[in-house]
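S.K.: Sequence:
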Amino acid sequence: MASKVIIVTGASRGIGLAVAKWLLAASHRVILVSRSAEQLEELKARYPSQVAYLAADMTVADTAWRATELAVLTFGRVDGVVVNHGVLSPMTRIEDASVEEWRKLYEANFFSALALVKETIPQLRAAKGRIVFVSSGAATSAYTSWGAYGSSKAALNSLARHVAVEEPDITAVAISPGRVDTDMQKELREKGGAAMSKEDYETFKSDFEEGRLIKPEQAGGIIAKLAVDAKPGLSGKYFKWDAPELVEYRQ
Numbered sequence: 001m002a003s004k005v006i007i008v009t010g011a012s013r014g015i016g017l018a019v020a021k022w023l024l025a026a027s028h029r030v031i032l033v034s035r036s037a038e039q040l041e042e043l044k045a046r047y048p049s050q051v052a053y054l055a056a057d058m059t060v061a062d063t064a065w066r067a068t069e070l071a072v073l074t075f076g077r078v079d080g081v082v083v084n085h086g087v088l089s090p091m092t093r094i095e096d097a098s099v100e101e102w103r104k105l106y107e108a109n110f111f112s113a114l115a116l117v118k119e120t121i122p123q124l125r126a127a128k129g130r131i132v133f134v135s136s137g138a139a140t141s142a143y144t145s146w147g148a149y150g151s152s153k154a155a156l157n158s159l160a161r162h163v164a165v166e167e168p169d170i171t172a173v174a175i176s177p178g179r180v181d182t183d184m185q186k187e188l189r190e191k192g193g194a195a196m197s198k199e200d201y202e203t204f205k206s207d208f209e210e211g212r213l214i215k216p217e218q219a220g221g222i223i224a225k226l227a228v229d230a231k232p233g234l235s236g237k238y239f240k241w242d243a244p245e246l247v248e249y250r251q
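Quick note on full-length UniProt numbering: the sequence shown kicks off at 1 and runs consecutively.
What the hints contain is simulated information worked out from the structure, not anything from laboratory work.
All clues given are correct.
Derived pair list, reagent style DSS-like, types lysine-lysine, alpha-carbon separation capped at 25 Å:
| hint | residue 1 | residue 2 |
| --- | --- | --- |
| 1 | K240 | K186 |
| 2 | K205 | K191 |
| 3 | K215 | K225 |
| 4 | K240 | K205 |
| 5 | K205 | K186 |
The following label-pair restraints were derived from C-beta to C-beta distances:
| hint | residue 1 | residue 2 | range |
| --- | --- | --- | --- |
| 6 | E42 | E69 | 20 to 26 Å |
| 7 | E100 | P48 | 40 to 46 Å |
| 8 | A61 | E41 | 23 to 29 Å |
| 9 | E202 | A243 | 23 to 29 Å |
| 10 | P122 | E248 | 28 to 34 Å |
| 11 | G76 | D96 | 45 to 51 Å |
| 12 | T203 | S98 | 24 to 30 Å |
| 13 | P48 | T140 | 38 to 44 Å |
| 14 | S141 | A25 | 30 to 36 Å |
| 15 | K198 | T140 | 18 to 24 Å |
| 16 | G76 | S197 | 48 to 54 Å |
The beta-carbon is built from N, C-alpha and C at its ideal position, and this holds for glycine as well.
Construct all of the structure, not just a fragment, from the sequences and the given hints.
M.R.: Here it is as structure tokens:
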């Protein structure tokens, strides 16, 4: 398969870093975006001809444009986008919510993703490319105190559906990676006990303690393969990482 050019956000750790490493090992070229530059610099040093990176906050107004421009100037095109960045907090019940904090979360989890999609559509349309939105089981389920996070991920799923309707040459897929052993899960265990229902909190805690969390490489490999070669028939749909429709991407 010819080398593809893929933008990966939230690329310095967890799922994003796993996606980047899979793509690089498969000889693809990547534009890595993250607020932290250290890990991105290490990947650039290991794969100098395959990596360009941007150390920036996706919620800053021009970051989406800068990432797209970097891809085009460096590699001449964009074939895929992995929208992986996002935040979990605030975790509060709706009656205790700060509307301003919800707005900030939506800036991080949804509006910055929308900005990147908008900027890359012309390139992706020309390349018949892919967008993979890293969603969550919380997009279709509800946990006490997860209203901001879960609803923002549901909005991403809807965005994938609308891209599929409006852009038939672009394949847009939303993926729930499951409960992955990342810093977000660590944050959940440290902060969630005070706001979540005891029953829900204990399931997340026991999944960690009993070794049931998914490795970032497992989820990252699936997401990377979809960013390269998701079939058009998947466009507009939301899948859990272990859905039967994704068997070939788990191999």
